[in-house]
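For the record, the sequence lines run as chains C, L and X. Its first residue numbered 1, the first sequence is counted upward by one per residue in my numbering. Its first residue numbered 1, the second sequence is counted upward by one per residue in my numbering. Its first residue numbered 1, the third sequence is counted upward by one per residue in my numbering.
Hints listed in this document are in silico derivations from the structure and should not be mistaken for laboratory results. Note that the Cβ used here is the ideal one computed from N, Cα and C, for glycine as well. Treat the hints with care, since some could be wrong.
Said to hold, decoys possible - Computed footprint of chain C on chain X; a stretch qualifies when at least three of its residues, placed anywhere within it, have a C-beta under 8 Å from a C-beta of chain C:
hint : region
1    : 13 to 21
2    : 93 to 100
3    : 119 to 132
4    : 250 to 259
5    : 286 to 292
Stated by the list, open to error - Within a straight-line C-alpha distance of at most 20 Å, the following computed EDC-like cross-link-like pairs (lysine to aspartate or glutamate) qualify:
hint : chain 1 : residue 1 : chain 2 : residue 2
6    : C       : K245      : X       : E142
7    : C       : K221      : C       : D205
8    : C       : K174      : L       : E292
9    : C       : K221      : X       : E142
10   : C       : K187      : L       : E145
11   : C       : K96       : L       : E145
12   : X       : K64       : C       : D306
Said to hold, decoys possible - Heads up, incomplete: computed chain X residues facing chain L, CB under 10 Å, no partners named:
hint : residue
13   : F41
14   : T59
15   : R60
16   : P109
17   : L110
18   : V159
19   : V160
20   : L164
21   : I166
22   : G167
23   : A168
24   : L169
25   : Y170
26   : V243
27   : I244
28   : D278
So the chains spell out like this:
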Amino acid sequence: MRRKVLSSIAAAATVLAVAPLSNAQDKVIRVGVLMPISGPASYFGVQGKQGIDLALEQINKAGGVNGYRIQVQYEDSACSPLQATNTVKRVLEQLKPHIVVGEECSDASLAIAPILEQAKVPMLNAGSATLKLTESGYKYVFRIFPTADQQNQVLAKYTAETMNAKTAVLLYEKTNAGVDNADTFEKVFKAAGGKVLARIDYGRDVNDFTPIATRIASLGKVDILPTFGLEGQTVRLAQALAQAKILRGGGGNAVQVGSIWLPWGFEKKAGQASEGYVRIVQFDPTEKRKIVQDFNTAFRAKYGADETPTHINAHAYDTILLVAEAVRRGATDTETMRDRLSKMKDVEVTTGKVTFDAKGQNEDLSVIHIVETLKDLSWKTLR
Amino acid sequence: MASAPLRPADRASLLQVPRQWPAYLVALVAIALLPYVLSTPYWRGILVVCAMNVMLALSLNLILGYTGQLNLGQSGFFAIGAYVTTVLVKSYSWNFWAAALIAVICAGLVGLLLAAFAVRLRGHYLGIASLGFAVIAYQILLNWESVTEGVRGIYGIMPPSPIRIPGLPEITFSNPVALFWLVGGIAFVVYVVVANLLRSPVGETLRAIREDEVSAASLGINPARWKAFAFGIGSAIAGLAGCFYPGFVGTLVPDAFGIVESFTMMAMVIVGGMGTMIGPVIGAIVLTCLPELLRDFGELRLMVYGLALTLVVLFMPGGMVQAGQMLRARFSRASSGASR
Amino acid sequence: MSDTLSLILQQSINGVYLGCLYVMVALGLTLIYGVMNQINFAHADFVTVGAFTAFFVVTRFATKVLGLPDTVAYLMSIVLALASGALMGLLINATVFGPLRERGDELRPLIATIGVSVLLENGQLALFGPIPYQFDSPFGKETIRIGKIFFTQQSVLVVVCAALAIGALYWFMKFTTTGKALRAVSQDRETAGLMGINQGFLIGLTIVIASALAGAAGALIGPVLVLTPFAGASVVVKAFAIVIIGGFGNMEGTILAGILVGIIEAFTVQYLGSGVIDLVVFVLLLLMLVVKPTGLIAERREENV
């Protein structure tokens, strides 16, 4: 009798000892990440990776979510539809992911959406502004990045109504996102009674903006200069505009308004030229919410005490937060992952709150923060 | 040395069964079987890209390797093939095959136009003029938004439309295997036709122009006409490759057709072995697959690629064909036990 | 001064400034082509290397380590950037152009330089990352205003440096023995060789000078550029166009073409829109090739039969 009890206890103990081990092998959530890691667009990829790595570190160190570890495989899609198509197939084969995060550039995102839709793997996008991504009827595509429409509805209305701007000169980079933003801003601004004096586009290889600034100076009274471009060029543009005495920071009267591509360090780089800049940021590091402050602290601890996270860092971080939240709510495969994501309401992340509408777009506008640069180059949150 | 028009005997030789037909048979079998050896969607996709690049390399080799003209604008013809086909199909509801035919003809005609420049220019002037053509083509794609959609891009492009031959089941190309057979098969046909062409007196004429244009002229050859011929054929083939690109990727943006692409094509020709037939094929396959195989290197991938390219060019001027010949020579020396 | 007149004057000044920047980049290209019929596709990356060198000298070394004031630091960085360019030139001559020269091959060095360009770009990417560095020249802070016209000390500095570089080159080519030998080599290699001129050394020297120019150009345009490893690529294509428009291998032509392109660019922005700059420049290029392929200032070259 005793031997039987002992042996059954031994058997039970063995089973209990072995069981967690075999489960631990299985309890992994696999995330494929498509980012531009090479080429000029690696500007996005490098920052995205920082955000994702930080989130992974925090989650896995805390033991994972519901016992699940999160594993990430990065692929270089270089912002190109061809490479994105190739790498998404590669990641689907090699990793068999539960979800794919990507891409940054609209062209590449639009290229991989149909492939992921067909493979029934959810796609979480945190970087593309094009409307088409969530207007094409995909059931597996989710996006937490506000569309050009959403952003410019808010911004254009603000400039026309609160700032009383009457005339504008649109400045935008010659890319999908730049054109989209310029178009939607113009539409809303005109509907609110404003007048667009000129639309000036520029390629990504323009360095000296003095000719453009000179041209704007010759256009007469300009109230606002909606600018849709990346950090590097916008700094040069702001400096040129200040030199031409167009901007308030240079002795003029106009004020730049703009998109969400300008991170925290912009003021330091552009100097006084950035005074008065009113812009949408998706991530406001000065927000008092605990999740934001914790993120800042963790980011600085990992990447350097004088680094402030940008919205690209924050977006990428948020994607992993959302994946973790979905797992917490019971997602264990691609179907349940998709289901949990689609049901998310008011989930708080560093950029704001997330509620996915029926098309997979985050409809919560709390992710759109408007800030103004004051004379001392600090931020004042307007909304 | 042959003079200008193709004699009936030469024309027939374009299509005759060449002596190397066993090798061709092997190649055909390989094309048929490859999608089953490399059977994942990822690798099947890479195979399609390989086939397109083989066509591009062959087309450039005709102009560069066999006629000796520095052409940096091949990406422009590739773009013409892609955009003309897509715009006709999407905006005007043409049948894919009709659109592709028009696209190829367009590419060929523009090639002839560029050749009008080529006639007057030599060496590097031609190179930069062709570079200028590539830049202008890119700029037109970017700015002519009413037709090309510019940076916004064209989306939802379908693969080539199915072929219906009465009595047979419909042949569709929506799966990667069939698409590869189509593009690979066309690349094979291009190879055979060009190889036959170059073996004929036409080929000798072109080679004569490559070696020494002035002497060739003194022998009664009209270099201008033959240069134009080579450009026309080369650009048409590049356009042909371009027809299949948008259907494969599904989206079409101007960024895919810049000068970097022209340089990559040239690298394929040179790394493979310029002025040979099999060289560009090898070069295209290697330079398509190498960056993919290096993906596990992550950030170092392109650095390795650049280094490899530089080293091959510096130390193996005849490309991989020459390396192959050297290896073969060494083996035969070793096996025959011959002394120095 | 009427509005339109001051506008035209302003854009002209912008154009000349831009043009001088382009000339600094293009001059090296034309030198190399003139003396050895070769194109160095890595030239633009030498400019980037020069710009990064200048950046690190100014921000890390000269001010922090040596404690020099901003302006001196910047001038010092131009010199060091020049040196870095010269070093790159030395390296590429030793590894690419030198060994391939004997083979008399026109194309292979070109492709090799493409490979070097890819290597340099991605090497710098691995070292510096893709996020733009903020390189501001201390001379760019103050804006000089005369009526409605404005420019900065930096623009003046650029024009002065360009003039100095051109002047130094001229003096070198016309009045020194080495310079004359160089001209001999660029006009007729074979005969020059027969006359006992050491071609290898001279060609190497030219590459070093040209690359040094590129490095210095990097330091001068660094404050204008968006400084990433891809910065050089943004100017190289236009530099090629300038070299052709001006006439391959022809210094005067390149200078004229460079300034011309700068001015055309400024006025295109004013009246047509900046998105079409490249289109305009290259259509001009093709026109030149149709009308006058040898360039603005034709050089008498005999084609050896």
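Exercise for the section: Please write out, lowest number first, the hints stated earlier that are contradicted by the structure. Expected result: 2, 4, 5, 7, 8, 9, 11, 14, 15, 18, 19, 20, 21, 22, 23, 24, 25
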